[in-house]
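Produce the complete structure using the sequences and hints provided.
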Amino acid sequence: MKTFVFSDIHGCFDELTSLIRQLPLQPERDRMVFMGDYIDRGPDSRRVIEQMMAWQQQYPHWVFLTGNHEDMMLDALHNGGRFYDAYYNYPNLWLAAGGKATCRSYLSANEQPREVTLELARDVIPETHRAWCASLPRYFEDDQYIYVHGGIKPGRTPGETDPYDLIWLRDEFLHSSYDWGKKVVHGHTPTLSREPEVYANRICIDTALCYAPGNKLTTVELPAERFYSQPWLDASRGDFSAI
3 MKTFVFSDIH GCFDELTSLI RQLPLQPERD RMVFMGDYID RGPDSRRVIE
53 QMMAWQQQYP HWVFLTGNHE DMMLDALHNG GRFYDAYYNY PNLWLAAGGK
103 ATCRSYLSAN EQPREVTLEL ARDVIPETHR AWCASLPRYF EDDQYIYVHG
153 GIKPGRTPGE TDPYDLIWLR DEFLHSSYDW GKKVVHGHTP TLSREPEVYA
203 NRICIDTALC YAPGNKLTTV ELPAERFYSQ PWLDASRGDF SAI
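Numbered per our numbering, the sequence shown spans residues 3 to 245.
Certain hints may be false.
Simulated restraints on C-beta separations [claimed, not checked]:
1. D236 to T193: 16 to 24 angstroms
2. N112 to S195: 25 to 33 angstroms
3. Y180 to V126: 37 to 45 angstroms
4. E227 to R31: 15 to 23 angstroms
5. G157 to Y89: 32 to 40 angstroms
6. N112 to P225: 44 to 52 angstroms
7. E227 to P165: 25 to 33 angstroms
8. Q58 to H177: 32 to 40 angstroms
Treat the hints as calculated values from the structure; they're not laboratory data.
Ideal Cβ placement from N, Cα and C applies to all residues, glycine included.
Written as structure tokens, this is what we have:
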């Protein structure tokens, strides 16, 4: 069985489906692991979520994890952004971090507002999609790898790591040489090289799809550690000025 791992799709449905068509994937036999950040920045968050929900029903052996952008959205829609806005001292953090594009993806071309607000987002993003995002686990393990969106605290197992850190952790994890007993596969922090990077203890597959033209979406095939990528198809669509 092969495992194909994705992260940080960020509403880029066309790039996702184009990349999947390149893979030597046998969906009934092989496993896909999606490590979160399905939404924000790109133009088609709604289509990405709908596709993930459909695949989860069709292929129950596939794995779907959550990322920090799903968590920010849920905090904003259900708590008014009280946690993340206060933590980062940035009002309307989710909207500024690409949430406006997510909201717009739920509206037709004729329905597009001049300004996106949390009130509008609450009206147009269905509860079924919110509930699906809220149901997703924060890590997954198999015999050889640990899969997580953000990172794991050095010296701790995923289960011992704060749930916040599993989707947000950066420097402490990235600069650590700690051996978790299995190689960690993650996204969340775009590589400076804009290429996937392999280290003794981890693999980063976030190649900054939504940050600049020429960047790409990347997946890794395991255990071969073979990479496939799809360049950004249309940098004119979405909210790519988001923080």
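Provide an ascending list of the numbers of those earlier hints which the structure does not satisfy.
When the structure is compared with the hints, numbers 2 and 5 turn out to be violated.
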